[in-house]
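Residue 280 is where the sequence shown starts when you use my numbering, and the numbers rise one by one after that.
Don't take each hint at face value.
What the hints assert, rightly or not - Just the calculated beta-carbon pair ranges, DEER-fashion: (1) Phe565 to Ser376: 18 to 26 Å; (2) Glu293 to Pro563: 44 to 52 Å; (3) Pro563 to Arg294: 50 to 58 Å; (4) Asp426 to Arg674: 43 to 51 Å; (5) Val614 to Arg295: 19 to 27 Å; (6) Ala499 to Trp552: 15 to 23 Å; (7) Ala522 to Gly472: 31 to 39 Å; (8) Ala415 to Glu443: 19 to 27 Å; (9) Thr579 to Gly382: 37 to 45 Å.
It should be emphasised that the hints constitute simulated quantities derived from the structure, not laboratory data. Yeah, the Cβ is synthetic: ideal placement off N, Cα and C, and Gly gets one too.
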Amino acid sequence: TRHRPAWSTIVMLERRLGQYTLLAYLIFVAGYFLTSNAVDHYKFLVGFLFIPGLLLLPRLFGALSHDIVLRLAAAYLLYLLVSALWAETVDFEMLASHAILAGLILFFVVITAFFSATEPKWFNIIIACTVTIAAANALLSMVLWDDLQRLAVSRLVGLGTMREPNSAGAVYGFHALLAVAWASRIESRSVRGTLFASAFVLLGFVLLTQARAAIIAAVAGLALLALLNKSNRPVAHLLALAAVIGAALFVAAGAGDNSLLRNWTWQVRLELWSDSLRQIAKAPLFGNGYLSALEVYSHTENKSHANVHNSYLAALRDGGAVGVALLAALLGAAVHRAVQAGRASGDYALLALLCFGLVYMLTSTDTLITRPRELWVILWFPLGLLAGQRLAATRQESTTTPRQSID
């Protein structure tokens, strides 16, 4: 009995820490739209979410350490860091900074998995708040956009942390799909209506960015939901988006190379991918090493690029066959789990969200270890949701009748 007050205090402090971490997590995931300063966003992650969250790490990893998605994510990130040692001259300072980033990414995946599995009601609130904030930011961005009258040839970036239209299109487009996908999980009709309305606003924003990879990824995700879901089929969103895309293409037909129909960027990408094959051939098994800083050349632009614009080719370039095999294992496990979750519930939301990132990564990204940018939203967040599925199923089985587990 003498230890009961002390134990009660520990339990209360742990509960308060969990509540604080939930709030800090909400501010971080919504931070893409709450500030235009990516540096402050990163500082908030480290100072207000990660450092306090260190106290929760034993509990987080204790609950999730056996999850195959999480293990494969850790294995791939670790291999990338080790491959940096292939270089003739190793920059240990840069390697240390990327090791910190890899740790932060893994922490983000773990905490996303834990909260989505153990606090589903609060997590639904986090999603609803984030999507609403994103839509408000998008609407304000469109209203304040100076080039709105020249929308056929101008590309919207917006007021968020993304300072480039393709990255902005990815982040806002993903949240449009997230709004549609998550609506069926919300009981309140008014909140569901807000999510659907937010999705239309966010899709409009994406169209104005002219980020074609993001537009294609959004269409793919919506089409998946429309085809596979037993309920919550976003046919209206998909048809509206298709109609607006058709109208945009018609208007842009006479707008030249700055329009949605511009062709030369595809030529550039093909040249970059072709040049990356030359680098891959030099080290096909283990790769050239992460942080190799290899550049690819475009004859059309007559300049070199550090970004190969394809994360799968980047994995092969940096990690060779071993690296791309680890990445394929990670993504394969994630797809398998998303399909299982869809079959068990009739809701393929997680598969659609994962599909968005996998499609976008084909043409617009490079290495996967970054500061909080679009990959944190379109790849690591869905992987976190999928990593939490097994824990969520286990918790549900402990309180209800047995159901199909998710491996």
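Results of checking the hints against the structure:
1. Restraint check, phenylalanine 565 to serine 376: a C-beta distance of roughly 23 Å satisfies the suggested window 18 to 26 Å.
2. Judged by the Cβ atoms, the range 44 to 52 Å given for glutamate 293 and proline 563 holds: they are separated by roughly 50 Å.
3. Under the hint 50 to 58 Å, the C-beta atoms of proline 563 and arginine 294, about 52 Å apart, fit the expected range.
4. Checked against the hint of 43 to 51 Å, the C-beta distance between aspartate 426 and arginine 674 comes to roughly 50 Å, which is consistent with it.
5. With their beta carbons about 38 Å apart, valine 614 and arginine 295 fall outside the hinted range of 19 to 27 Å.
6. At roughly 20 Å, the beta-carbon separation of alanine 499 and tryptophan 552 lies within the given 15 to 23 Å, and the hint holds.
7. About 21 Å separates the C-beta atoms of alanine 522 and glycine 472, a value inconsistent with the hinted range of 31 to 39 Å.
8. Range check, alanine 415 to glutamate 443: about 21 Å between beta-carbon atoms, so the 19 to 27 Å window is met.
9. Taken as a hint, the range 37 to 45 Å holds for the pair threonine 579 and glycine 382, whose Cβ atoms sit roughly 39 Å apart.
The structure fails hints 5, 7 (numbered hints given earlier, in ascending order).
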